[in-house]
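Asks: Take these sequences, add in the hints, and give me the full structure.
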Amino acid sequence: MSLDRRRLRRAGDGALLGGVCAGIAHRLDIDPILVRIATVILTVATGGMGAVAYGLLWLIVPGTPKTRRAGEEAKPTSRHTWLIGAGFGMVTLGLLFIFRELGIWWSDSLVWPTVLAGAGAGLLWRQFSGSGESEDAAEPETPAWAASGERRPAVRSRPRSRLGPYRGAFGFALVIGAAMLFLYVQGAFSAASEAALAGVTLIVVLGLILAPLWVRLARNLGRERAERIRSQERAEVAAHLHDSVLQTLALMQKKSDDPRQVSTLARRQERELREWLSGKSERERETSLASALEAAAAEVEERHGVPIDAVTVGDRPLDERTVALVAASREAMTNAVRYAGDAGTIRLYAEITPEETQVFVRDRGRGFDLDAVPEDRRGVRDSILGRMERNGGAAEVRSGIGEGTEIELTMETK
Amino acid sequence: MSQTTVAIVDDHAIFRAGVRAELESGVEVVGEASTVREAVALVRERRPDVVLLDVHMPDGGGQEVIRQTLTEIPDTRFLALSVSDAPEDVVAIVRTGARGYVTKTISGPELIDAIERVSQGDAVFSPQLAGFVLDAFAGRTDPGTTDAELDLLTPREQEVLRLIARGYLYKEIARRLGISIKTVEAHASSVLRKLQLSTRHELSRWAAERDLID
Chain A
1 MSLDRRRLRR AGDGALLGGV CAGIAHRLDI DPILVRIATV ILTVATGGMG AVAYGLLWLI
61 VPGTPKTRRA GEEAKPTSRH TWLIGAGFGM VTLGLLFIFR ELGIWWSDSL VWPTVLAGAG
121 AGLLWRQFSG SGESEDAAEP ETPAWAASGE RRPAVRSRPR SRLGPYRGAF GFALVIGAAM
181 LFLYVQGAFS AASEAALAGV TLIVVLGLIL APLWVRLARN LGRERAERIR SQERAEVAAH
241 LHDSVLQTLA LMQKKSDDPR QVSTLARRQE RELREWLSGK SERERETSLA SALEAAAAEV
301 EERHGVPIDA VTVGDRPLDE RTVALVAASR EAMTNAVRYA GDAGTIRLYA EITPEETQVF
361 VRDRGRGFDL DAVPEDRRGV RDSILGRMER NGGAAEVRSG IGEGTEIELT METK
Chain B
1 MSQTTVAIVD DHAIFRAGVR AELESGVEVV GEASTVREAV ALVRERRPDV VLLDVHMPDG
61 GGQEVIRQTL TEIPDTRFLA LSVSDAPEDV VAIVRTGARG YVTKTISGPE LIDAIERVSQ
121 GDAVFSPQLA GFVLDAFAGR TDPGTTDAEL DLLTPREQEV LRLIARGYLY KEIARRLGIS
181 IKTVEAHASS VLRKLQLSTR HELSRWAAER DLID
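Chains as they are written, first to last, in the working numbering: chain A, 1 to 414; chain B, 1 to 214.
By construction, these hints were calculated from the structure, which means they are not laboratory data.
Because the structure is a prediction, the values reported are computed rather than measured.
Don't take each hint at face value.
[To be verified] Okay, derived cross-link-like pairs now, DMTMM-like style, lysine to aspartate or glutamate, Cα gap no bigger than 20 Å in a straight line:
#: 1; chain 1: B; residue 1: Lys182; chain 2: B; residue 2: Glu88
#: 2; chain 1: B; residue 1: Lys104; chain 2: A; residue 2: Glu272
#: 3; chain 1: B; residue 1: Lys171; chain 2: A; residue 2: Glu403
#: 4; chain 1: A; residue 1: Lys280; chain 2: B; residue 2: Glu88
#: 5; chain 1: A; residue 1: Lys254; chain 2: A; residue 2: Glu275
#: 6; chain 1: B; residue 1: Lys104; chain 2: A; residue 2: Glu275
#: 7; chain 1: A; residue 1: Lys254; chain 2: A; residue 2: Glu302
#: 8; chain 1: B; residue 1: Lys104; chain 2: B; residue 2: Glu24
#: 9; chain 1: B; residue 1: Lys104; chain 2: A; residue 2: Glu270
[Unchecked claim] Simulated restraints on C-beta separations:
#: 10; chain 1: A; residue 1: Ile229; chain 2: B; residue 2: Ala17; range: 25 to 31 Å
#: 11; chain 1: B; residue 1: Ser190; chain 2: A; residue 2: Ala239; range: 45 to 51 Å
#: 12; chain 1: B; residue 1: Arg205; chain 2: A; residue 2: Glu227; range: 28 to 34 Å
#: 13; chain 1: A; residue 1: Gln232; chain 2: B; residue 2: Arg176; range: 50 to 56 Å
#: 14; chain 1: B; residue 1: Thr105; chain 2: A; residue 2: Gly386; range: 34 to 40 Å
#: 15; chain 1: A; residue 1: Thr287; chain 2: B; residue 2: Arg47; range: 48 to 54 Å
#: 16; chain 1: A; residue 1: Glu389; chain 2: B; residue 2: Arg176; range: 45 to 51 Å
#: 17; chain 1: B; residue 1: Glu45; chain 2: A; residue 2: Glu270; range: 22 to 28 Å
#: 18; chain 1: B; residue 1: His56; chain 2: A; residue 2: Gly207; range: 35 to 41 Å
#: 19; chain 1: A; residue 1: Glu272; chain 2: B; residue 2: Ser190; range: 36 to 42 Å
#: 20; chain 1: B; residue 1: Glu45; chain 2: A; residue 2: Leu251; range: 41 to 47 Å
#: 21; chain 1: A; residue 1: Glu320; chain 2: B; residue 2: Ser180; range: 44 to 50 Å
#: 22; chain 1: A; residue 1: Glu320; chain 2: B; residue 2: Pro58; range: 27 to 33 Å
[Stated by the list, open to error] Over 10 Å on every C-beta distance to chain B, these chain A residues come out as not near it, computed from the model:
#: 23; residue: Val185
#: 24; residue: His304
#: 25; residue: Val311
#: 26; residue: Val313
#: 27; residue: Thr334
A virtual CB, placed ideally from N, CA and C, is assigned to each residue, including glycine.
Replies: Here is the structure:
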C-alpha cells in the first residue's frame, strides 16, 4: 500500500463528500478532521475559493474503489440520496452567504434556484464520478435488500448501480426545477425580450448535466487506450524475444560441444538484450562516442572469440577526431587479443570529460620488457601511435614481464 | 582461522548450485534460500559472515532481506550479485546496506576473493561499479543543497576508482600509487560510504526510481 500513500487519491472509505479531504489526510498521514477544518477556514477566509478548489480537486484527483466488508451497510440507500442532496444544498447555501458577505451579489432571488441546482448537480456529479471507476464488472442482478437499505449479507455486488438511475433522475429533476424557478423569478416566461436569458440558462443547465457524463467518457477512453498500448507492447516484446533470445538458445544447443562458441553466443545475446533494454535509439547510438567504443569492443570480441569488457564514463558526440580515436582503440584491442587472447578477459575503460577523452585497453597476458620490444609488436604500436598523433592525440604503452600490457590513448577536446 | 561462512540467496536453483560448487573450495556455505522470508530466517538462525544476495527476487528482492536483518544482525555483511549492471539497481542495493556489488559472470576465484574482502568489512567494486560511481560523482553539485564532504570524491579516491575500472587489482593499485593495500581498501570503503550517504541528485533519483518499481 506504500504506493497508495505516495499518490494523492480521493478516499473511498471515510469520505464525507467527495473524499478529497480524507484523501489529502491519508496522503499526509494526519487526521482527516484537521484537513476538513482547514478547508472550511480556507473557504471562509478566501471568500469561497476553498470550496472551488475542493470541487476542482474532486474532478482532477482519481478516486479509490471503496472496499466493503461483509455486514457493512450499503451506502447509497434512498436515505443517503436525501442526505447527499441536502448536503450539497447546504454547501451551496453556505457559499452564497459568503459571497453575499463579501459584496459579490446580484439578487436575493438567486438564492433558492442556486441551492436547488447545487443539490441536483451534486447528486449527478457524485453518481457519475463514483460509478465511472468501478463499472468494469457488470451487475448480474440486484437483490432486494440493496434497495431497502438492509444490512448486506455478503460482498460481491454493488447496490449503487441499481439506485444510480433513480438518484440521477432526482438530481436531474432538481437542476431542471432550479432552472424553472430561476426563469420564473426573473420573469422570463412572460417577457419575450428575455428569451436570450432563457437560452443561456438552458445551456448552463445542460452543461451541469452533461459534463459529468463527458468526464466519465474521457476517463473510460483513457483506460481503454492504456490497455491497448499495454497489449501492443507485450506483442512487441514477445516478437523481439522470439527473434533474438530463442534463436540464440537454439544455436547454443546445437553448438553445446564447443564451450568457446557457446560463450561467444551467450555474450553476444546478452549485449544485444542489454542494448535493447537500455532503450537507446539507433540514432543515439550512431552519434555517441561511448556507444561507438562499446560497439568496437563487441566487434573485436565477436571476430576473435575473446571476451572484452567495456566500461565507459561520460559521453560526447562523434566527430572526425573521435572516430579516429575509436579506430585506434579497435586496433589496440585487436592487438591485445592477438598477444594475450588466452589470458582471460580484456578490459576497455573510457573516460570522456568535456576537456579530454582517455581510453585504456588492458590485457592480462605475459607482458614484455618495453626496452626489448620485438620488431612486430613495435610496428603495431607505431601504427596506433601514428593514428593518434595525426589527429592531435597521444598514445602510451605500459607493460612489464608478468604484468600484462596496457595501452593508453588520450585525445584532448579542441 | 576458521573458514568464512556464506549463505546464498537467489531464486534460481540452478544458479545457487553453480555458485555453491564454485565456492566450496574457498569458503563454507552454510545454507541457501530462494525467497525473502527463507533468507531472513536463514540469516537469523545461522548468522553467516557474508550473504550473497540476488538483487531481483519476488517480494522486494535483496533489498528487503537487508532491511529486515541489517540492524538486528550487524555482523553479517551483504554482497549483491546480479545479472544487471543498471545504475539504479546498484545504487538502490548499496544504499540499503550492501558492502559491494558484482555481476553474476564473475569467476569463482574472484568471487571468493570478493567474499573474503566483504567479510573483513571492506568494500568490493567491480570495474563496472567503479565506472558507474565515477559517472555519478562527475560534474558539479547543486550548490547549497548538498553536503560537500559527502558529495565529492577526493582526487585520490577518483584515482583508485579509475584504476579499478581499468581492471587493476588492489595490490597492483597499491604498487602503482606507492601506497599500502590497506590504504587502497580505506579509499574504497570511503567511496562506499559516500555512495550510501550522499544526497547527490543522481544517486537519490536512481534510488527513488528503483524503490517505486518494487
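Asks: Would you mind marking each hint as holding or not holding in the structure?
Replies: Quick rundown of the hints versus the structure:
no., hint, in the structure
1, Lys182/B to Glu88/B, "violated, 29 Å"
2, Lys104/B to Glu272/A, "holds, 17 Å"
3, Lys171/B to Glu403/A, "holds, 12 Å"
4, Lys280/A to Glu88/B, "holds, 16 Å"
5, Lys254/A to Glu275/A, "violated, 25 Å"
6, Lys104/B to Glu275/A, "holds, 18 Å"
7, Lys254/A to Glu302/A, "holds, 18 Å"
8, Lys104/B to Glu24/B, "holds, 17 Å"
9, Lys104/B to Glu270/A, "holds, 12 Å"
10, Ile229/A to Ala17/B: 25 to 31 Å, "violated, 40 Å"
11, Ser190/B to Ala239/A: 45 to 51 Å, "holds, 47 Å"
12, Arg205/B to Glu227/A: 28 to 34 Å, "holds, 29 Å"
13, Gln232/A to Arg176/B: 50 to 56 Å, "holds, 53 Å"
14, Thr105/B to Gly386/A: 34 to 40 Å, "holds, 36 Å"
15, Thr287/A to Arg47/B: 48 to 54 Å, "holds, 53 Å"
16, Glu389/A to Arg176/B: 45 to 51 Å, "violated, 26 Å"
17, Glu45/B to Glu270/A: 22 to 28 Å, "violated, 36 Å"
18, His56/B to Gly207/A: 35 to 41 Å, "violated, 51 Å"
19, Glu272/A to Ser190/B: 36 to 42 Å, "holds, 37 Å"
20, Glu45/B to Leu251/A: 41 to 47 Å, "holds, 44 Å"
21, Glu320/A to Ser180/B: 44 to 50 Å, "holds, 45 Å"
22, Glu320/A to Pro58/B: 27 to 33 Å, "violated, 50 Å"
23, Val185, "holds, 55 Å"
24, His304, "holds, 18 Å"
25, Val311, "violated, 4 Å"
26, Val313, "violated, 5 Å"
27, Thr334, "holds, 18 Å"
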